[in-house]
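Enquirer: Here are the chains, one letter per residue:
2 protein chains.
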Amino acid sequence: MTRYRVAVHIVPRRGLLDPQGKAVADALHTLGFSAVTDVHVGRHIVIESDAADAAAAEASVRAMCDKLLANPVTEDYEIASVRTAEGA
Amino acid sequence: MTRYRVAVHIVPRRGLLDPQGKAVADALHTLGFSAVTDVHVGRHIVIESDAADAAAAEASVRAMCDKLLANPVTEDYEIASVRTAEGA
Numbered sequence: 003m004t005r006y007r008v009a010v011h012i013v014p015r016r017g018l019l020d021p022q023g024k025a026v027a028d029a030l031h032t033l034g035f036s037a038v039t040d041v042h043v044g045r046h047i048v049i050e051s052d053a054a055d056a057a058a059a060e061a062s063v064r065a066m067c068d069k070l071l072a073n074p075v076t077e078d079y080e081i082a083s084v085r086t087a088e089g090a
Numbered sequence: 003m004t005r006y007r008v009a010v011h012i013v014p015r016r017g018l019l020d021p022q023g024k025a026v027a028d029a030l031h032t033l034g035f036s037a038v039t040d041v042h043v044g045r046h047i048v049i050e051s052d053a054a055d056a057a058a059a060e061a062s063v064r065a066m067c068d069k070l071l072a073n074p075v076t077e078d079y080e081i082a083s084v085r086t087a088e089g090a
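Protein chains in written order, with the working numbering: chain H, 3 to 90; chain S, 3 to 90.
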């Protein structure tokens with residue numbers, strides 16, 4: 003078993019309203035960042051987990067996203083990286 | 003001016019308490035994912051902005067993080083990627 007560090011991005015599904023992103027874009031405009039055209043706010047989750055290999059670690063994190071981490075109606079997720087954790 | 007899409011990760015500073023990550027780890031254990039050893043929850047923000055070049059886009063997003071997006075006391079941020087937005 004090796005310890006893997008898997009990073010996941012969970013983002014509002016494209017085409018759905020992203021009120022948090024809209025609020026951040028408005029705040030940036032107020033602060034003078036007028037070049038900003040769009041903002042999307044999602045979650046960046048890093049999971050450390052023991053697995054036999056990288057494929058197993060990724061499959062296990064996908065199962066976690068399906069069961070708990072991402073809302074299947076409003077959010078999409080993507081595995082951003084799968085790395086062995088340092089010092090494991 | 004080119005439109006750039008800049009992705010930023012904002013994460014709780016290492017060594018500080020991450021109660022949301024702890025809650026997610028506990029929930030995953032309850033669901034049977036016993037191999038999970040640690041979870042960190044941060045934000046994944048994608049900003050579309052017009053800039054002269056990629057370096058200017060990145061500098062502008064760093065300024066946004068310093069002024070609004072990241073809490074300098076409890077959070078660290080890193081620029082994950084700077085790309086030209088498709089269709090711009």
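Bear in mind the hints are in silico, worked out from the structure with no lab data behind them.
Among the hints, erroneous ones may be present.
Stated by the list, open to error - Capping the alpha-carbon separation at 30 Å, the derived lysine-lysine pairs in DSS-like fashion look like this:
1. H/Lys24 - S/Lys24
2. S/Lys69 - S/Lys24
3. S/Lys69 - H/Lys24
4. H/Lys69 - S/Lys69
5. H/Lys24 - H/Lys69
Unchecked claim - Chain H residues, not near chain S, derived (Cβ > 10 Å throughout):
6. Gly44
7. Glu50
8. Val75
Fair warning: this is a prediction, and the values are worked out from it, not measured in the lab.
Backbone N, C-alpha and C define an ideal beta-carbon position, used for all residues, glycine too.
Enquirer: Hint by hint, say whether it matches the structure.
Expert: Do the hints match the structure? See the list:
no. : hint              : verdict
1   : H/Lys24 - S/Lys24 : holds (29 Å)
2   : S/Lys69 - S/Lys24 : holds (28 Å)
3   : S/Lys69 - H/Lys24 : holds (17 Å)
4   : H/Lys69 - S/Lys69 : violated (36 Å)
5   : H/Lys24 - H/Lys69 : holds (28 Å)
6   : Gly44             : violated (4 Å)
7   : Glu50             : violated (4 Å)
8   : Val75             : holds (19 Å)
Of the numbered hints stated above, those contradicted by the structure are hints 4, 6, 7, listed in ascending order.
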